[in-house]
Amino acid sequence: MKHRWVMIVIGAALLIVGEARPAYAMHIMEGFLPPLWALIWFAVTIPFWVIGFRQLQRMVREKPEVRLLLGFAAAFTFVLSALKLPSVTGSSSHPTGTGLGAILFGPWVMSVLGSIVLLFQALLIAHGGLTTLGANAFSMAVVGPWVAWLIWRGLVGRAPFWLVVFLAAALADLSTYVVTSLQLALAFPDPAGGILAAFAKFGAIFAVTQIPLAISEGILTVLIMHALQTNAAAELQALAIKGVRS
Amino acid sequence: MLRIIDQYAFANRLRAVDPLHKAALAGMTILLCLILDRPLVGWLALAWMVTVMVWYARVPLRVVGAVIGAESVFLALSVIGIAVSVGSEPPPAALLAIPFGPLWLSATGASVQTALHVLGRALGSAAALNGLILTTPLIDLIELLRRLRAPVLLIELMALSYRALFVLLDTLDQMVTAQTARLGYASWRATMRSSALLGSRLFIVAYQRSQALEMALTARGFAGDLRVLPLSYTVDRQLWLIGVMIGGSLVVAGWWT
Numbered sequence: 001m002k003h004r005w006v007m008i009v010i011g012a013a014l015l016i017v018g019e020a021r022p023a024y025a026m027h028i029m030e031g032f033l034p035p036l037w038a039l040i041w042f043a044v045t046i047p048f049w050v051i052g053f054r055q056l057q058r059m060v061r062e063k064p065e066v067r068l069l070l071g072f073a074a075a076f077t078f079v080l081s082a083l084k085l086p087s088v089t090g091s092s093s094h095p096t097g098t099g100l101g102a103i104l105f106g107p108w109v110m111s112v113l114g115s116i117v118l119l120f121q122a123l124l125i126a127h128g129g130l131t132t133l134g135a136n137a138f139s140m141a142v143v144g145p146w147v148a149w150l151i152w153r154g155l156v157g158r159a160p161f162w163l164v165v166f167l168a169a170a171l172a173d174l175s176t177y178v179v180t181s182l183q184l185a186l187a188f189p190d191p192a193g194g195i196l197a198a199f200a201k202f203g204a205i206f207a208v209t210q211i212p213l214a215i216s217e218g219i220l221t222v223l224i225m226h227a228l229q230t231n232a233a234a235e236l237q238a239l240a241i242k243g244v245r246s
Numbered sequence: 247m248l249r250i251i252d253q254y255a256f257a258n259r260l261r262a263v264d265p266l267h268k269a270a271l272a273g274m275t276i277l278l279c280l281i282l283d284r285p286l287v288g289w290l291a292l293a294w295m296v297t298v299m300v301w302y303a304r305v306p307l308r309v310v311g312a313v314i315g316a317e318s319v320f321l322a323l324s325v326i327g328i329a330v331s332v333g334s335e336p337p338p339a340a341l342l343a344i345p346f347g348p349l350w351l352s353a354t355g356a357s358v359q360t361a362l363h364v365l366g367r368a369l370g371s372a373a374a375l376n377g378l379i380l381t382t383p384l385i386d387l388i389e390l391l392r393r394l395r396a397p398v399l400l401i402e403l404m405a406l407s408y409r410a411l412f413v414l415l416d417t418l419d420q421m422v423t424a425q426t427a428r429l430g431y432a433s434w435r436a437t438m439r440s441s442a443l444l445g446s447r448l449f450i451v452a453y454q455r456s457q458a459l460e461m462a463l464t465a466r467g468f469a470g471d472l473r474v475l476p477l478s479y480t481v482d483r484q485l486w487l488i489g490v491m492i493g494g495s496l497v498v499a500g501w502w503t
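Protein sequence lines correspond, in order, to chains W and U. Numbering follows our numbering, with no gaps: position 64 of the first sequence is 64. Numbering follows our numbering, with no gaps: position 120 of the second sequence is 366.
Source of the hints: derived by calculation from the structure; they are not laboratory data. None of these values were measured; they are calculated from a predicted model. No residue lacks a Cβ here, since even glycine has one placed at the ideal position from N, Cα and C. Incorrect hints may have been included.
If the Cβ cut is set under 10 Å, some of the chain U residues that face chain W in the computed set are [unchecked claim]:
| hint | residue |
| --- | --- |
| 1 | A272 |
| 2 | A405 |
| 3 | R409 |
| 4 | S446 |
A short list of chain U residues far from chain W (calculated; beta carbon distances all over 12 Å) [to be verified]:
| hint | residue |
| --- | --- |
| 5 | L286 |
| 6 | R308 |
| 7 | R393 |
| 8 | A427 |
| 9 | Y479 |
| 10 | A499 |
| 11 | T503 |
Based on the sequences and whatever the hints tell you, model everything.
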């Protein structure tokens, strides 16, 4: 009797996961984090916002028209995350766009633009939240772009172009997923095994949606960068992106 | 989802009410949910917010339900994650324990309670946030940020992105329609190829649109600042009363349980 009940719950959970598109499944929703952790993640993220914002202000002071490009860049990242990607397991999911954004605009700029995108996702499509914005911004607008950018700057020119882009985009996704699992584990440690067990647990649960997504997004970013190189070499050069052949 | 929320944000009965009041109501509810931190408070906030949205702001219940359910995947996965723990041996006071290879999946009374607790809190505060976004268009919230003296550049970037977003989304829709008509999404490979073309083309469109906007602004004497007229709002005394009732009942519920 007990087991049948368990089977029903697990079956219902699997149905939700399989049926609903794992849309933006890694945004921690409003009110999910206890107040203390929400504050801690804001404190961790704010320095990145301040430095990124200073850089933006300097860019705008030198060239006032850059702000138009930046506005469209944020909108582009938002719209990119509304794309429906076929994932390798058959369902579909949404790319985060952080890898591509970091390659195109750099990690400091992305820490601000990515956070604006996260805020828009909370306010326009009800994904994520205001009190959890610090935590979400840290995983998606800080760690993801930095991982992508470090891989890109470190490897471009030394490894095949497609491999570098794939690694940058896929690992940015994976690092976002790992950081979010860690944030959940720190806030909700396992009663038996502590933080480490909770981390493994949340990691395993979200692996269902996030690992296929990382692979799809890696492939898509490679294809986009190739297409950009052939179609938009002039625009890329205007943005002064390293490693792009003209 | 984007267009649905945006449409009702502009078309509901509380559209003209000062965004500061609506934001204060939502902010107060979220803070009370987080600080009082009782399951009953969360469920009560959910009930209040659905009532305000459906009965007072005249947003259809169907839309409210869809918006609150938008994050069901995250919520389901992570609440299960909190309730179930994994160990090499079953805990002594387990409510239920299932062997899974060498591991035991188990749920204790305490862990289920924590999970339900978080579920209530998250649903209550998410409903409060959704109450704000379903009654207030983003331009009003940007205007609110301007009144609260947020940095000018941040406000300009937000306003510009909000404007650019719908331009790009329309372009995206047209391109997807064109691609679909040519069997662009017929197989996995075709979908990847079409998505890549879409992403790169969209980047070029975004870049060119920003250049065009720059040229248009320069032609009109753009000096580095985007100035727009402030909007005017009404004051809704009934909403204040509702806010006091919500706040009072949540505090009572928090102390009572």
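Results of checking the hints against the structure:
no., hint, in the structure
1, A272, "9 Å, holds"
2, A405, "8 Å, holds"
3, R409, "7 Å, holds"
4, S446, "3 Å, holds"
5, L286, "15 Å, holds"
6, R308, "15 Å, holds"
7, R393, "17 Å, holds"
8, A427, "17 Å, holds"
9, Y479, "18 Å, holds"
10, A499, "16 Å, holds"
11, T503, "17 Å, holds"
Violated hints: none; the structure is consistent with every hint.
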